[in-house]
Every structure is written in structure tokens, then in C-alpha cells.
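S.K.: Quick note, the sequences are listed as chains A and B, same order. Be aware that the first sequence starts at 460, since it is given in my numbering, and climbs by one per residue. Be aware that the second sequence starts at 4, since it is given in my numbering, and climbs by one per residue.
Hint data in this document are derived by calculation from the structure and do not stem from the laboratory. Cβ coordinates follow ideal geometry from the N, Cα and C atoms, glycine included. Misleading hints may appear alongside valid ones.
Stated by the list, open to error - No farther apart than 30 Å at their CA atoms in a straight line, the calculated lysine-lysine pairs in the BS3-like style are these: (1) B:Lys101 / A:Lys640; (2) A:Lys672 / A:Lys693; (3) A:Lys480 / A:Lys517; (4) B:Lys101 / A:Lys700; (5) B:Lys254 / A:Lys700; (6) A:Lys700 / A:Lys584; (7) B:Lys89 / B:Lys228; (8) A:Lys640 / A:Lys528; (9) A:Lys569 / A:Lys480; (10) B:Lys89 / A:Lys640; (11) B:Lys199 / B:Lys101; (12) A:Lys528 / A:Lys480.
To be verified - Calculated from the model, a selection of chain A residues having no Cβ within reach of chain B, i.e. all distances over 10 Å: (13) Gly492; (14) Lys517; (15) Ser531; (16) Phe556; (17) Glu575; (18) Glu577; (19) Glu583; (20) Gly633; (21) Pro636; (22) Arg648; (23) Glu665; (24) Val682; (25) Pro706; (26) Lys720; (27) Val729; (28) Thr730.
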Amino acid sequence: MRIELENICYTYMPGTPFEVKALKNINLTIEQGEYLAIIGQTGSGKSTLVQHLNGLLKPTSGRILVDGKDISNEKADLREIRRRVGLLFQFPEHQLFAETVYADVAFGPKNMGLPESEISERVEKALRLVGLVPEEVAERSPFTLSGGQMRRVAMAGVLAMQPEILILDEPAAGLDPQGKKELFAQIDRLHQEEGLTVVLVSHSMEDVASRAKRLLVLANGSVQMYGTPAEVFKDAAQLEKLGLGLPQMTLLMHRLKAAGKDVPTDIFTVTAARDAILQMLGGQKR
Amino acid sequence: MQEENRPYDVDFLYMLRTGKKFARLREFVVLGVSPVEIIRAEGVGFKYHETDEESWALSEIDLSIAEGEFVVILGPNGSGKSTLAKHFNALLLPTCGKMWVGGMLTSQEENHWQIRQMAGMVFQNPDNQIVATTVEEDVAFGPENLGLPSEEIRQRVEEALEIVGMTAYRHHAPHLLSGGQKQRVAIAGVLAMRPKCLILDEPTAMLDPRGRTEVMETVARLNKKEGITVILITHFMEEAVAADRVIIMEKGRIVMTGSPQETFLRVEELRALGLDAPPVVELANQLRSAGVEIPPSVLTVDDLVEQLCG
């Protein structure tokens with residue numbers, strides 16, 4: 460599945476004194492199997508943008524094409540699009556509502572009118588995909604689980620719809636380091652093994668740098684930068700200006716380079732930084 | 004009843020008796036300055052439901068925090084960090100054991116007003132903490148409730164906005180501010196109460212990088228310049244490097260305490276707790292294992308650059 464945004468503009472409360480142009484002339488193509496991260500300051504339009512991808516918001520002007528079909532069109536089947544494009548909001552655990560984990564995850568498939576056997580199969584698979592053991596949690600109330608587990612139940616609810624694209628808005632906010640690591644490992648696995656297209660909205664440069672294949676930087680509703688992490692993080696000054704900054708390891712490399720050391724700057728992980736520094740030190744000795 | 008209220012100064016005998024070590028207090032002792040204790044917990048345990056047989060949200064918490072200290076509390080989700088923080092301003096009361104704030108016992112209801120004025124709290128989501136339609140009115144909300152004269156309120160609001168660097172926005176509508184700005188307004192609202200202690204529960208979890216920097220710089224300035232005691236709960240390990248003391252919790256207990264340097268050297272233990280060292284410390288550890296000499300005082304990017312280029 461491929462989504463194309465053509466010249467999207469979106470205005471909140473048009474024609475009132477509270478009018479805000481949240482998106483301005485956005486052009487973007489999300490290809491099948493892609494891992495895209497959208498970064499930007501609070502209020503830059505990230506969440507508004509992703510809500511266009513499954514037709515929750517309709518652009519004020521411009522077109523959205525899903526597999527070539529215009530979904531801003533009156534006749535577009537938005538139910539079908541929302542099934543194929545799964546959107547996990549910020550703090551999704553606040554949206555859990557059912558009495559049992561099973562009922563919560565089954566809610567979507569049930570609404571699709573699937574037979575009971577297929578529903579239970581999907582629920583089980585979805586729970587396993589997010590690293591929960593169905594036998595242990597299915598009959599429990601979601602509200603007795605920990606924050607991290609509740610978030611996974613919410614994610615399972617989206618996965619049970621078997622979407623082709625998974626959009627995650629700040630999925631790791633408020634999780635501890637271990638919970639965060641596990642969540643991202645699951646997302647990476649869904650991307651690699653199940654072939655899901657992933658769109659990740661995040662404030663954390665560390666999280667996106669080592670995972671996403673492409674980065675889209677938004678500011679004031681327009682696209683400011685777009686490219687691979689290596690391309691985007693090259694321009695430290697521009698990112699700083701946009702209130703973002705660099706992952707710690709990339710920052711370190713930029714600083715070493717500025718101090719006259721011969722090091723690469725497209726470094727995002729601790730391991731890569733270690734290797735680069737060891738090489739730098741080795742070079743000096745010789 | 005009366006004798007339950009402890010003297011305000013630290014009871015050194017208690018420290019000696021229990022053999023507890025407090026990094027910051029040790030320094031005071033060396034300097035010969037008597038520190039003033041602002042928070043003390045003795046054997047504090049807490050249950051959310053009294054009937055619940057097993058689940059203690061907190062158990063056997065012994066703790067002493069001195070005035071002017073910067074303490075960071077780390078721990079996995081559900082380890083009791085927020086529950087403990089709510090004991091510091093009597094939002095929750097111990098099921099067993101005792102908790103003093105500024106020498107006042109939290110279990111005595113008549114102390115609650117004074118305790119909450121002394122220890123102010125800032126939460127994760129700034130949107131849930133803003134009550135008024137302009138920044139100025141929002142900050143004035145607390146002092147107004149104290150029934151202070153309007154001149155005094157005005158002065159406190161001005162001062163509080165100045166300290167967090169939000170004076171220019173005094174007439175703005177809070178909901179139109181950025182996340183970092185909202186959080187600074189929330190801090191100003193607490194400061195207008197003239198607290199001795201500021202408790203922040205994951206104040207940067209929902210902020211972008213600039214917002215995080217704004218809030219962390221404000222907090223550090225409050226601690227260093229204004230001498231306000233800071234207790235910060237966070238999941239961002241890099242925010243802990245600026246602290247005087249790091250406290251690590253697991254399953255309602257304090258399992259580790261020490262300076263950031265001491266704490267982050269214990270990588271294996273941290274990992275077992277589901278935590279991590281900050282990336283720079285992790286890198287320093289890895290370089291050390293590869294034979295590069297790096298002192299344990301290296302905690303930030305600046306430190307490491309200086310070490311490698313100096």
C-alpha cells in the first residue's frame with residue numbers, strides 16, 4: 460500500500476479569530492515497507508499530519524491518494540482505509556475501555572463482522588506480536604496491568620485489525636528504558652518480519668536515528684528537512700534552529716570533529732561511536 | 004503528640020545508628036556545616052488498598068534529604084517513584100512508618116497546609132495543571148488561595164515568572180504556549196507559593212528536545228541559585244547526571260543510592276533493574292573495557308570531548 464500526499468494544507472477553525480494553519484503544502488509519498496519517522500517540536504503539525512493518513516482529518520486543500528485512489532473524495536471507503544492504516548495515539552492506554560484484555564483487543568475485529576473463530580485467532584496473534592502471553596492476560600482487566608503492558612494491549616488492538624501501515628504517535632513517552640527497548644524491538648520485528656510499513660512520530664532523536672530509514676522534519680506546518688538520518692543529522696545548525704538537536708552520540712562526533720579530530724559524523728549508536736573513537740585513537744598512536 | 008514533631012535539624016545519631024550513608028550529608032559533615040533536613044522517612048510503607056494482603060506499593064523506605072539537595076529518583080514503571088513523591092507533600096500518607104517534611108509529621112492533618120506550601124509538586128502533563136486564562140492569573144492562583152494581600156501576590160507572581168524566564172508571556176493564554184513553556188508556567192505557579200522544596204514527577208516526558216532543555220535548565224538554576232531543594236523523578240538517565248544524589252527504586256523499595264558517578268558505574272546492576280546508563284556513560288564504560296583510560300567523572304558529552312581532546 461502506498462500513500463501519496465499532494466500539496467496538503469490544513470487549517471483549524473477556518474474563518475474564525477482562532478484560525479491556525481496547521482499544515483502548509485505538504486508533499487510526501489510513503490512507500491510500501493518503509494520506515495519513516497516524523498520529527499518536530501510540539502505544535503509543528505506532526506499529529507495533524509498523521510491523522511490525515513487514515514482519513515481522520517480531511518485536508519482543507521490538496522489530495523491524498525491511497526494506492527492511487529483519492530480518499531478526500533466523498534465516496535471513499537474510509538472504514539476500509541482505517542482498517543488498513545492503523546493509528547496508535549499518544550498514551551493509548553487511556554483509551555482502553557473493555558472489561559477484559561480479550562474484549563478490548565477483539566473490539567475492532569468484532570466490528571468488522573468477522574466470525575468468532577477468526578476473531579479469537581487474531582486476538583491471540585496480536586497479543587503475541589506485542590510480547591504478551593494470551594493465556595496469562597486475556598481474561599484479566601486491562602486496568603490491573605502495568606503502564607507498559609496496557610500500552611501493548613492498546614497496540615494489540617490496532618494490530619488485530621491486521622493493518623498494512625502502523626502509525627505510532629510518541630509510542631515510548633513515559634515508558635522506562637526497558638519498556639522502551641522492548642516496545643521498539645517489537646515494532647522493528649513487525650517491520651522486518653511482518654513487512655509492516657511503519658510511521659513513527661517522536662521527540663526523541665536517539666529513538667529515530669538508529670531505526671528509521673527516512674526522516675521528515677516538520678516546523679510550523681511545513682516540511683523543513685527530508686532524507687536519511689545521515690543526511691538530516693549532518694545539518695546540526697539547522698536542527699538546533701528548529702529546536703531539535705542531535706542524538707547524543709552524533710553530537711559527540713560533531714564536537715570531536717570541531718576539535719580537529721578525524722571522525723565520521725553519521726554515528727547514531729554507542730557501539731558505532733566506540734568503534735569510531737577507537738579507530739581515531741589508534742590512528743593517533745601511529 | 005507534640006513530641007512526634009522532630010527537631011528541624013538533622014539527627015546525626017539516627018544516621019550513625021542506622022549506618023545510612025548520605026553523599027551530600029557527608030560533605031556537610033566534612034565542611035563542619037550542619038545541614039538542615041527537609042525530608043525524612045523512617046520505615047515508610049504504603050498500600051493503596053488497606054485490605055490488600057500482598058501489594059505494598061512502598062516498603063521500608065528510610066530516607067533523609069537535606070535542604071538544597073538535588074535528588075533524582077530513577078526506577079522502572081511501577082516501582083513506586085510517584086507514590087513516594089506524593090508522600091513528600093502529604094498527598095498520600097504512610098500506611099506504616101513516619102514521614103516528616105520540614106520537621107512536620109505528615110500524618111497530622113493540621114500540618115498539611117504548611118507542608119504543601121513548603122513542598123510543591125509539578126506533574127508530567129502541563130495541560131492538566133493549568134487553571135487560568137492568562138499566564139499571570141495562573142501563577143497567581145496559589146498565592147490568591149493563601150489569601151495574601153494583592154500587592155504581595157503581584158510581587159510573588161512577577162518574581163516567579165522572572166525566575167523561570169516567562170515574564171514576556173505574562174499576558175499570554177497558557178494553552179497557546181509550547182510544552183516547555185507551559186511546564187515553566189506550572190513551575191512558576193509552584194514557586195509563587197515560596198516552597199523550600201520542588202518535587203517534579205517526569206516533567207519532561209511529553210516535551211520536545213528544546214522544551215526538555217528549557218525545563219532542566221530552569222530546575223538546575225532554581226537549585227543552584229535559589230537554593231531550592233529539588234526532587235526529580237525521571238526516565239531520562241541523562242537528566243540524572245546533574246544531581247547530587249541518585250536514588251533507585253524497585254518494587255517499592257530503595258535498592259541503590261549514591262552519586263551519579265558511583266551509580267552509573269554499576270551498569271550491570273542497572274540493566275538488571277531495567278535501567279540504563281546515559282549514552283555517554285555507556286560509551287565511556289565500553290571504551291574503558293577496550294583499554295582506553297577514562298576517569299569515572301566523565302558523565303556528559305562535554306566531559307568526554309575534553310577527555311579525548313585535552
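S.K.: The output says A:Glu583 does not contact chain B. Does that hold with a beta carbon cutoff of 10 Å?
M.R.: For A:Glu583, whose nearest Cβ neighbour in chain B is about 25 Å away, the distance exceeds 10 Å, so it holds.
S.K.: Taking 30 Å as the top limit, are the C-alpha atoms of A:Lys480 and A:Lys517 close enough?
M.R.: holds, 14 Å
S.K.: Please check whether the beta-carbon of A:Arg648 is more than 10 Å away from every beta-carbon in chain B.
M.R.: Check passes; 19 Å lies beyond 10 Å.
S.K.: Does A:Val729 sit more than 10 Å from chain B, CB to CB?
M.R.: It is violated; A:Val729 is separated from chain B by about 5 Å at its closest Cβ, not greater than 10 Å.
S.K.: Could you check that no beta carbon of chain B comes within 10 Å of the beta carbon of A:Ser531?
M.R.: holds, 29 Å
S.K.: Do the alpha carbons of A:Lys640 and A:Lys528 lie within 30 Å of each other, as the hint requires?
M.R.: Violated, at about 37 Å.
S.K.: Run the distance test for B:Lys89 versus A:Lys640: straight-line Cα separation, threshold 30 Å.
M.R.: Measuring from Cα to Cα gives roughly 28 Å; hence the hint holds.
S.K.: For A:Phe556, which was marked as not at the interface, is the minimum beta-carbon distance to chain B over 10 Å?
M.R.: Since the minimum Cβ distance to chain B is about 20 Å, A:Phe556 lies beyond 10 Å and the statement holds.
S.K.: For A:Lys569 and A:Lys480, compute the direct alpha-carbon distance and say whether it is at most 30 Å.
M.R.: Violated: A:Lys569 and A:Lys480 sit about 38 Å apart, past 30 Å.
S.K.: Below or equal to 30 Å on CA atoms is what counts here, so check A:Lys528 against A:Lys480.
M.R.: holds, 26 Å
S.K.: Over 10 Å to the closest beta carbon of chain B is the bar; see if A:Gly492 clears it.
M.R.: The assertion about A:Gly492 holds, with a minimum of 28 Å to chain B.
S.K.: So A:Lys517 supposedly isn't at the interface. Is its beta-carbon more than 10 Å from every beta-carbon in chain B?
M.R.: holds, 24 Å
Of the numbered hints given earlier, the model fails hints 1, 4, 5, 6, 8, 9, 20, 21, 23, 25, 26, 27 and 28; all others are met.
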